[in-house]
Amino acid sequence: MLSNIDDATLMKIAEAFGNEEAIQLIGILKNSEQITDDEIANKTGLKLNFVRKILYKLYDHSLVSLRRTRDPKTGWFIFHWKLQPDQLEGFILSQKRRVLEKLNTRLEYEKNHDFYYCNTPGCKRVPFEEAVELVFKCPVCGKALMHCDNAKFVQSLMRKVEVLRKELGE
Amino acid sequence: MIFNIHLFILNHVYINMDDLELVKMPKRNDLEQRALQFVINTGFEGVLQSELWRHLGASSREGSRIALKLEEKGLVRREKELRDGRWTYRLYPKRIPASIDSIADCPCLMCPDNPRCDPSGPVSPQDCDKLTEWLLSVSRNEPNASIALGDS
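Chains A and B are the protein sequences, given in the same order.
Counted from 1, the first sequence has number 129 at position 129 by this note's numbering; the numbering is strictly sequential.
Count along the second sequence starting at 1, add 170, and that's the number in this note's numbering.
Careful, some of the hints might be misleading.
Unchecked claim - Each computed SDA-like pair below joins lysine to any residue, with the alpha-carbon atoms no more than 25 Å apart:
no., chain 1, residue 1, chain 2, residue 2
1, A, Lys-111, A, His-80
2, A, Lys-124, A, Leu-107
3, A, Lys-30, B, Lys-239
4, A, Lys-152, B, Ser-294
Said to hold, decoys possible - From chain B, some residues computed to sit far from chain A (all C-beta separations above 12 Å):
no., residue
5, Arg-224
6, Leu-226
7, Leu-238
8, Arg-248
9, Glu-249
10, Lys-250
11, Glu-251
12, Arg-256
13, Cys-278
14, Ser-294
15, Thr-302
16, Arg-310
Honestly, the hints are just simulated from the structure, not real lab data.
Just so it is clear, CB atoms sit at the ideal spot from N, CA and C, and this is done for glycine as well.
Please model the entire structure based on the sequences and the hints provided.
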């Protein structure tokens, strides 16, 4: 199946999977039909166990496939890895759906609660119910908890949700 | 006897020619995939058909066949364009490539706490610090933004 993902997006996915090493690894997979983890380690200079760790992560999301053969001399298994470009679009969509679900949960929570905050960096906001239990005193710094308006935060959150909905065609 | 030798030579030569063809000719599907990838990478700019086949190292005949094939499959759009006094086609990807930009830096993407992240669980999107930080950075990058978690 033909893929509909450009190289820049592929590299961004690689970035999400880790770091420079994942980008290097995907770059190599992209340019080879099939490659063993040993060959990847030799080409990138990365440790074999680290290469395998990234490959298994990619495999968990079906972004790579593997074929197993046995080395006739040693009897050990050799894993041949292949990038599955046709799975990338599905991966992006499923991740977007997951993030959208989380943002919706957060949006509901923000809309349905009043928050109190001591205005000290590093301290957490607490919802009204918790603030009552704490007698409106911050449990960390001891300062008084004041009402804080989250309207702008909610608006920004709603915009993000809308963007993701549009991208998913909902 | 002479006839048999001729036949043998003919077969032999024929097989060798065939093998050579197999080595030289890349698979059509392979070329199509490379062509599509190239067109997709050009995005809204599109690419001239002539540039495409030059990039692929294919002949103009092969190039236009591939372009037609991709158009038939509904993967690219071809638009006529006058270039240096000659009519040619510009190819555009038909579907905008799926983009990960909107969630690329979202901490939920590869969060190790993902299996236990639930509104009723120990880790929740309702009060996750990493998610809050991301949402704040997103809102800060919006035009006319000056948002803190509590605005009063």
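Structure-based check of each hint:
At roughly 50 Å between alpha-carbon atoms, Lys-111 of chain A and His-80 of chain A are farther apart than 25 Å, so this suggested pair is violated. Proposed proximity of Lys-124 of chain A and Leu-107 of chain A is supported: the alpha carbons are some 18 Å apart, at most 25 Å. With a CA separation close to 24 Å, the supplied pair Lys-30 of chain A and Lys-239 of chain B stays within the 25 Å bound. Of the pairs offered as hints, the one joining Lys-152 of chain A and Ser-294 of chain B holds, with about 22 Å between alpha carbons and a cut-off of 25 Å not exceeded.
No beta-carbon of chain A comes within 12 Å of the beta-carbon of Arg-224 of chain B; the shortest separation is about 19 Å. Every CB of chain A lies more than 12 Å from the CB of Leu-226 of chain B, the least distance being 15 Å, so the non-interface label holds. For Leu-238 of chain B, the condition that its CB be more than 12 Å from all CB atoms of chain A holds, with the nearest at approximately 15 Å. Even its closest Cβ contact with chain A, about 17 Å, leaves Arg-248 of chain B beyond 12 Å, as expected for a residue assigned away from the interface.
The Cβ of Glu-249 of chain B lies farther than 12 Å from every Cβ of chain A, with a closest approach of about 19 Å, so its non-interface assignment holds. No Cβ of chain A approaches the Cβ of Lys-250 of chain B within 12 Å, the least distance being about 24 Å, so the stated non-interface status holds. The non-interface label for Glu-251 of chain B is consistent with chain A: the shortest C-beta to C-beta separation is roughly 22 Å, beyond 12 Å. The non-interface label for Arg-256 of chain B is consistent with chain A: the shortest C-beta to C-beta separation is roughly 29 Å, beyond 12 Å.
For Cys-278 of chain B, the non-interface assignment is contradicted: its Cβ lies about 5 Å from the closest Cβ of chain A, within the 12 Å cut-off. The beta carbon of Ser-294 of chain B sits about 8 Å from the closest Cβ of chain A, which is not more than 12 Å, so the claim that it is off the interface is violated. The beta carbon of Thr-302 of chain B is not kept farther than 12 Å from every beta carbon of chain A, the shortest such distance being approximately 8 Å. The claim that Arg-310 of chain B lies off the interface is violated: its Cβ sits roughly 9 Å from the closest Cβ of chain A, which falls inside the 12 Å cut-off.
In summary, the numbered hints that this structure violates are 1, 13, 14, 15 and 16.
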